[in-house]
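S.K.: Chains as they are written, first to last, in my numbering: chain A, 1 to 494; chain B, 1 to 494.
Hint data in this document are derived by calculation from the structure and do not stem from the laboratory.
Check the hints yourself; a few may be wrong.
[Said to hold, decoys possible] Anything over 12 Å on all C-beta distances counts as not near chain B; from chain A, calculated:
id: 1; residue: R30
id: 2; residue: G327
id: 3; residue: G340
id: 4; residue: Q347
id: 5; residue: H381
[What the hints assert, rightly or not] Pair by pair, the computed Cβ-Cβ distance ranges are:
id: 6; chain 1: A; residue 1: E103; chain 2: B; residue 2: G163; range: 57 to 63 Å
id: 7; chain 1: A; residue 1: I160; chain 2: B; residue 2: R417; range: 38 to 44 Å
id: 8; chain 1: A; residue 1: P119; chain 2: B; residue 2: Q5; range: 26 to 32 Å
Cβ coordinates follow ideal geometry from the N, Cα and C atoms, glycine included.
There are 2 protein chains.
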Amino acid sequence: MTRYQHLATLLAQRIEQGLYQGGERLPSVRTLSTEHGVSISTVQQAYHLLEEKQLITPQPRSGYFVTPRKAAPPVPAISRPAQRPVEITQWGSVLELINARLEEDMLQLGSGMPDISQPTIKPLWKVMSRLAQKQDLRMLNYDNIYGVPALREQVARLAIDSGCQLSADEIVITTGCHEALSVSIRSVCQPGDIIAVESPTFHGTMQTLHGFGIKVIEIPTDCETGISLEALELALDQWPIKAVVVVPNCNNPLGFVMPDNRKRGLLALAQRFDIAIIEDDVYGELVYDYPRPITIKSLDQDGRVMLCSSFSKVLAPGLRVGWVAPGRYLDRVIHMKYIGTGSTATQMQMTVAEFIRLGHYQPHLRRMRAHYQRNLDIFTHWVRHYFPCGICVTRPQGGFLMWIELPEAFDSVRLNRELRECNIQISVGSLFSAAGKYRNCLRLNYALPFNPQTERALAILGAAVERAMECCMPAIPAAAELPEKSEGGTAVNQ
Amino acid sequence: MTRYQHLATLLAQRIEQGLYQGGERLPSVRTLSTEHGVSISTVQQAYHLLEEKQLITPQPRSGYFVTPRKAAPPVPAISRPAQRPVEITQWGSVLELINARLEEDMLQLGSGMPDISQPTIKPLWKVMSRLAQKQDLRMLNYDNIYGVPALREQVARLAIDSGCQLSADEIVITTGCHEALSVSIRSVCQPGDIIAVESPTFHGTMQTLHGFGIKVIEIPTDCETGISLEALELALDQWPIKAVVVVPNCNNPLGFVMPDNRKRGLLALAQRFDIAIIEDDVYGELVYDYPRPITIKSLDQDGRVMLCSSFSKVLAPGLRVGWVAPGRYLDRVIHMKYIGTGSTATQMQMTVAEFIRLGHYQPHLRRMRAHYQRNLDIFTHWVRHYFPCGICVTRPQGGFLMWIELPEAFDSVRLNRELRECNIQISVGSLFSAAGKYRNCLRLNYALPFNPQTERALAILGAAVERAMECCMPAIPAAAELPEKSEGGTAVNQ
Ligand SMILES: Cc1ncc(COP(=O)(O)O)c(C=O)c1O
Ligand SMILES: Cc1ncc(COP(=O)(O)O)c(C=O)c1O
């Protein structure tokens, strides 16, 4: 971190902690320069950075002021889903979401799309075109059903960062993380079986479970520490659960990273009840802190963790290159892969392997982490600015997805329908629950490079939320009356 | 057809019909030139062609002689599988076959690989590299779940040749024909349901059915006219069958093209019993005769036919680009596709669409048809030459797969194991039956450009078969005692 970044971070913390209040004048450049023993230009750069993040505002000839803003909205409380296995439906709503991807002038705040426009991804094109020029016949042939060896080796190498000792032989390349999850689920479950999931859970996983006739039991999940081990244990005691699916690193939709001791606890539970863990690490590389967090797979001794991931979020989803490290279920996984798609397209595997081999992966990853973290700052600021009081907002530790909880009676499905007229698309919370919960929640994407159009969309969204909240509630209390953190998920309704 | 080709065909027919017998001297070049009113050099070219096909042999200074050979082996009789639903297993053997693809010095006579080395496929590389240079961001984005529109339009256009009026909206792009079959099957069946299949049936389809817990009932199938409608009707009367899977054009493994009236009959049966038809047309474009045969889909009025295909056999399997036209089951198919893999890799779809748009498809197809037809001639010749009497051999009408039936007691699984020591790999017949039939059969691939190594392999294979036949039968009758065509599938044992 350079000097000015360091200084900016320090100042931002002071603002966050309320040391400098909204509207207050900040120390002069000269004062800070003396106080911190840095040059005038370092202070100026730091102030510029804070200005970019919209934390401070310059006033001509009077210096910098803290941008006035509301109190930070609280984080949603632990979820409280129904404690019994339910069947999943809602395919219609998911389809709507998928189809919205096709509407070009729609602002895709509901999608899971990463930003694919950064310059560090450019070498991918060169690699692609160079491979085509080589006319390597292996690119046209049926691939090894396990995947291209060169790519499996690179994936094994990357896994070291998450604490995993994997050999290329233990990795199976798939058509995106979607197929990794799909084959993993089918490898350990039959139709009619029960699987435990976090609540809320990524709607793609929900649909996969649904499509294979599997029931889910949704487990209460905390927005900062993840799935409740206590509730999971109760459920395991009560139901013949075959596996648990979790997204412990940079959870979709909640953005948390599960603490290491809870990862250990989850593995211990899985061992005790002899169930499989399907670990979806698709956002794991995008955690903002360095080094990245470990996977549960890295703790696994007896091969019960099936680690699923892909290059969709870090590089680009159109590549459809994912993988699974299925541990003891390797043979089943290969069988399920064979009957689903046969082998995976060769050329994109070779492209990604070469991109990594040439050293383009880490610089790209670093850039994307910084980009999303910066976007989060701005986005959070906008949400505070444009959304009404009485909402809860997650504090994602990585990735590019934010979860917003509105008062219980709020109907995000109706909101979504209204917004489509303004060409704005969001993810409605109810997609993330089989039991029909979270209709009062939304998930927003902050991956895209921001522009005035994005800010306007946030303003429209905030206003629409405000209007809808006025309809669904007799009166909105003033911000000052709200507790700092909601309790039991209903505080927002007080 | 040029003059010399015409003359060569005529002479080949005469040889085939026995007008010129094995070992007999053929008319001199001058005689033929006079007889047919063509130039000396035309006759010489015709003789050269026949020599290439190994139908005739030149003897220095004495002219051309008919290559001595045995009588054409008969075609296998109609199959007689068990008439009850059975569960499929044999995944171990299929895995062995798939893994053999990885052994570089193995002669892959058992694979379903097309020839990807012909010059007409070269433009594919150029298209690929040009697309990469364009840096079209759509190639990195999540694709439309239906597939790239440009490709769906091209597929709809190609379908016209098989008599189909399809719009792009009715087509879903998949990860190869594998995924097309997989989503189709899952769209109309639940685990425990029964599906009717041809007997023998492509092992990939068998495994897919197995993997989803579906039972199959194998229907007797004729090597020249396809699935027995009479037997199918009986089965439909007796069992709650949900669908029938057929490969009516260029069947794998039998190579037949189902006559149009039988296609009509099959559709009528499906209507009467209200079942779906899953039509696998993956080899349909490779039928040697022009124009190509119609699909059952082209006759379909009420959307019950799900047409599955891919570019794997015509272009290259490594592309993993296939499609399904699922008729009335479109919504279910999209759902099943979403939960299996999400969308298909974009770049290869765009590559194929552009290859077709630029007019490279038809010339390539014409070349491949001619190539495989020519290979079939040579291959058939080798089989006659190197294999013992007492075998039945199919006469494929397209594609590049030949099915050989050996005496009932023959064990192709053991043969396969022996051959692997010589680095030759075949497909054992038992993979093509859930009920464990066809252990006495093999499927051979004649796609690859031939060289002395291929001929040597055929010689080794023929000798191994001969040895094995000697072990499993008391005595092999002389060729002359064999009937021209086997009856009831047991004549070969006489
Ligand atoms: C948690 C999670 N898992 C899996 C996927 C699917 O990833 P892929 O595009 O690689 O199939 C997504 C994408 O939205 C996701 O958010
Ligand atoms: C009859 C048949 N259907 C489907 C397939 C699978 O084709 P694809 O490679 O496009 O998945 C094959 C390939 O072997 C086949 O022979």
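S.K.: Check the structure against each numbered hint from earlier and tell me which ones fail, lowest number first.
M.R.: 3, 4, 6, 8
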